[in-house]
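Colleague: Protein chains in written order, with the working numbering: chain E, 1 to 207; chain C, 208 to 643.
No lab work stands behind these hints, which were simulated from the structure alone.
Careful: at least some of the hints might be erroneous.
On the chain C side, residues computed to face chain E include the following (Cβ under 7 Å) [as the list claims (entries may be wrong)]:
#1 Glu218
#2 Met221
#3 Glu227
#4 Leu228
#5 Val256
#6 His259
#7 Leu260
#8 Thr262
#9 Trp263
#10 Val265
#11 Ser270
#12 Gly273
#13 Gln275
#14 Ile276
#15 Ala279
#16 Leu280
Computed from a predicted model, the values in this text were never measured in an experiment.
We put the CB at the ideal spot given by N, CA and C, even for glycine.
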Amino acid sequence: MYRAGRRPAGTNTNMTSDEALMLEFQLGSRAAFEELFARYREPLQGFFRRRLNDAGRAEDLTQETFLAVIHASSRYEPRALVRTYLYGIALKLLAAERRKRVRNAAQSDSEPAIEGATDVVLWVQQALGKLDPSEREIVMLREYEQLSYLDIAELLRIPVNTVRSRLFRARLALKGWLESEKTRDRSVIANGAVNGAAVDRAGHDEA
Amino acid sequence: MSTDNHRFEQEELMAYLDGELPTDRATAAVAHLERCAECQTLAADLRSVSQHLMTWEVESAESPMGTQIIEALEQGERKPTKTATANAASQRVGFMARRWVWVGTFAVVCLTIGVGLRRIWNNENQNLQRATGLAAPRAAADSNGIFHGLGSAGKSFSVDGQPIADQQSRLFGPGAPPPAGPINGRQFDKLQQFAKLQNAPPVRFPDSASGPMIIRTAALTLTTKDFDKARASLDDVLRRHRGYIGDLNVSTPVGSGRSFTATLRIPADQLDVALADLRKLGRAESESQGGQDVTAQYVDLQARLSNARNAEVRLTDILQHRTGTLGDVLAVENEISRVRGEIERMEAERKTLSNQVDFATINATVSEDYQAQLQVVPTSTFGRIHNAAVDGYRSMVEGVVGTILFLFSIGPSLLLWCAILFFPARAVWRKVRRAP
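Isolated chain C (complex conformation) (with noise of 0.2 Å):
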């Protein structure tokens, strides 16, 4: 049998036979079977191989229950495992939830690390304190934001009566040299925390020291069957907890169901609430919920603008009150201009994340279960006759008009040929007429 004359491979007929075909694929082969001769032997063929088979029986023999068995059961019994208890529990809650266990663990390693940095941190502020108590070195820097030691510009500088060479010593260790040229890295950190032990306010966490902060979001698919009620109820769900909307798009395709997709933003404690509320709207296809935990990246961040802070008011201090060079001034104002601007877009996105924190995104879809409408009465013979006489005449004038447009488009050109083929066509005219 070639499988080139057979929409059916002998395999798939094979698989017909065996039950493992798709319902579409299975009635086709039925259809085929009934009129294909050497399928037919084939599929005989493949049973009398079946039936052959299946004349190998074995006897059942009644054996009961092994005696390990019983005693392996009897043990189970009397000390029945919490394991396999937390085991079917677990498989009940089924892959996700434990996919929601890694996600959990992983956030609590997250919130670990970084109380953990915020500690060295604390740790190596209040050591930098102990070891310094005096105020602010000279620094300056240039425009790409690296600090220049201003004592090794060959100046000496005092500050509360101290000569900054001792500040700088106590600073970078005792004995040490103050650094020459270009300074970065752990020695900018170092003037930067300095800057900021001398007039600024402690750092504060003021609002990640409450407890994590998650980012929420939940993804939401509905399908109702009053689509304009859904809408209305979209606005009064939003009211209600006071969330807003980010972005919505509505569609109303001809022929189908209407939808719209929203993005829904609700302050985060009402999440849950209007999830609730928003399931009431129709019935929920599908549902997905998430959680970003930024803790440690907010704090990171509340740490650098806090910084950034000090060093801006230890800057400014410095350049009202300090006296030195006119490079030095600017390349203050230069520092103190970037400064600026780092803590701007800190601020920007420290609100960012506040607010992604503060109100949970909601990406709700609600489809409209649409059902075709029969158009039960149909057009009056004197409407359609009306119409196709306005088309007729509507033709008949679209004809008129195309055929002097087309005139009009290329008369010109067809005055010109006819003009310049005239009299050749003429004189051979006149030829052919006069040959006998």
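Next up, chain E with everything else stripped away, as it sits in the complex (with noise of 0.2 Å):
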């Protein structure tokens, strides 16, 4: 958000494209892959890290995402972009990983923490667990995956529209969160100079 002139990994002008880099892995190049592999790995990793509580297992469906690209490269059409195209596997994926787990249920990453987290990030993290899921996908993917609100609905198969209202809403709850967060630790720094004040005065008064 408000990055206008900022482009997300993959979608550099001055290189050849990510589809056209796509068409090349079709016809058998294996530089192209290795390229787009380069491209977006990271961005692929941020995108599970984000969602799941598991470094490891982050980098896995990172890895399982580039081999069904490998494996589905004959089906795959220029209709969309493929970062979108990337992200539309992932988001499979993570579905899948996120029946597992439930099945399995012995992690819930429905509040994904990183370790060494700052107060911060502690809070982001919190604020996003408490969206609705279908509200904190969408930011996420536009905060985070720098996605188009176009390629949002694409992805997730729900109206622009839709995706726009979600947003503003998700936006505004945590805008709502984030001043509350501000009032409670204005009032715990006021509190603590209250009492370190009266700690003085006593100080003095022992004095």
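Can you join these two chains into the complex? Each is in its own frame, and there are hints to help.
Modeller: Printed below as a string of structure tokens:
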């Protein structure tokens, strides 16, 4: 959001386009695939890591995404952007992973947490966790994956206007929680200051 | 923030901040944002939310390509799939090409069905010929075109020395009684086939046997800088390719470019060359081509036409050489009249179809690349004064004439009302004057 000039990896116009690389890969160019891998490994890893509380599994799923691309390369048609195509595969793998986890009931990724996260990051994770799942996915696809409204609509198979309204609703909810968090912080700081002054006064009295 | 006082909805403002608004709306949003404090606050809040979300960064592990991926790639290199190559090629050709493949497949299926039907038809003819080998049964038709077996009328006819009853029994099956009352459907077809086999030459399909019959059409939209030259060149193209204009509409509106729309008929074998020549008339804005396979339709029409002709010959023969009651003769004449009408209709249909196949249709639209002309030399002062004087004189004359016409139109009514109201008005006036 608010980075009009910024384009996500894989859309640099100075380089060969993702779609051209994909077509070259269809014709058997391994170099083209390696280039696609280099462009999208990190974004896809981030995609999975933000949604799963397991860095290792995120890495595995990233590899599986590219594996799926190899297997399905003959069926690829350049109707949509490669970026959207990849995130579509990633979303399906993620859904499968979540179903598996529900069945196993071993782990829960409802509130993914990253080790060593700062307070702000924890707040972000908690706030995102409070959102409705459909709204959360839209916010994350927009903010972290930098997908356009149209791409998100295609991926989630919902109308663009729905994407926009859900995104707006989610952002307003996040804003509300952010403000309440700020208010809470201020009150904590204020309480700390009052307590400190009392301690100081007590010290002076004792002296 | 209420949306009533804002030209922009909040969602639209968010879309602007996300770079998702079209340019014109984005420009308007910038202007609105500069002077609306509430929207500025909302924008700041949304930015703040986004900034907070972006604090969640994940570390990227420099993981190499997995072994499974490498193996899959190596497998792919060892046996490059033809499917992938074909798919890539077909994708380059695009959606339109795939659609044409479907159209082509459909045409082939139609052709196959047409050829199959023809073979079935020929087989039936051969079987019938083997089963018969005798003269035609006497048959007549009522005014509705339904045949009646003449044998059922209680009379015995003979053709070529054989009783008609025998012929009918052979035609409708051994031991089968002759059809009593009206006959139609398959029996009618059999009678017609029978008549055909007696005197008519074998059925020929001269045109359809040579190959598929395709009605080709094309549409071309061009923009040209030299309209007059394009118009003249169009005639040259038609002359060169032995074509003609089916329809032509030229439009020359004031203040915009000229254009013409023409329906051109070009010999089918000249279509591609003619299109290439037409493209030279200007810049091609759009072009499309189409084809309709009418082979099956043509074959069917030819067969029906041939049958009808044979039936006509046989009926004429029956009328000339056989005897019967007056009712039978009239019935045969009615049938001949009906068959001739059908022949004429089918002949016209066949000619139309042939013409459509022989001559492809091109719908060409040529528009002028119009450039507005600037009037550099203004009208002279003298000319303007002269025009003003003429206008003044004209308006004066029109005013006078208008007034006269007005008086003439309402004058009689006015005089009448004056005459009616004069005395009462004068009486009232006098009363008013006398009053103290």
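Colleague: Hint compliance check: list the failing hint numbers for this structure, sorted ascending.
Modeller: 4
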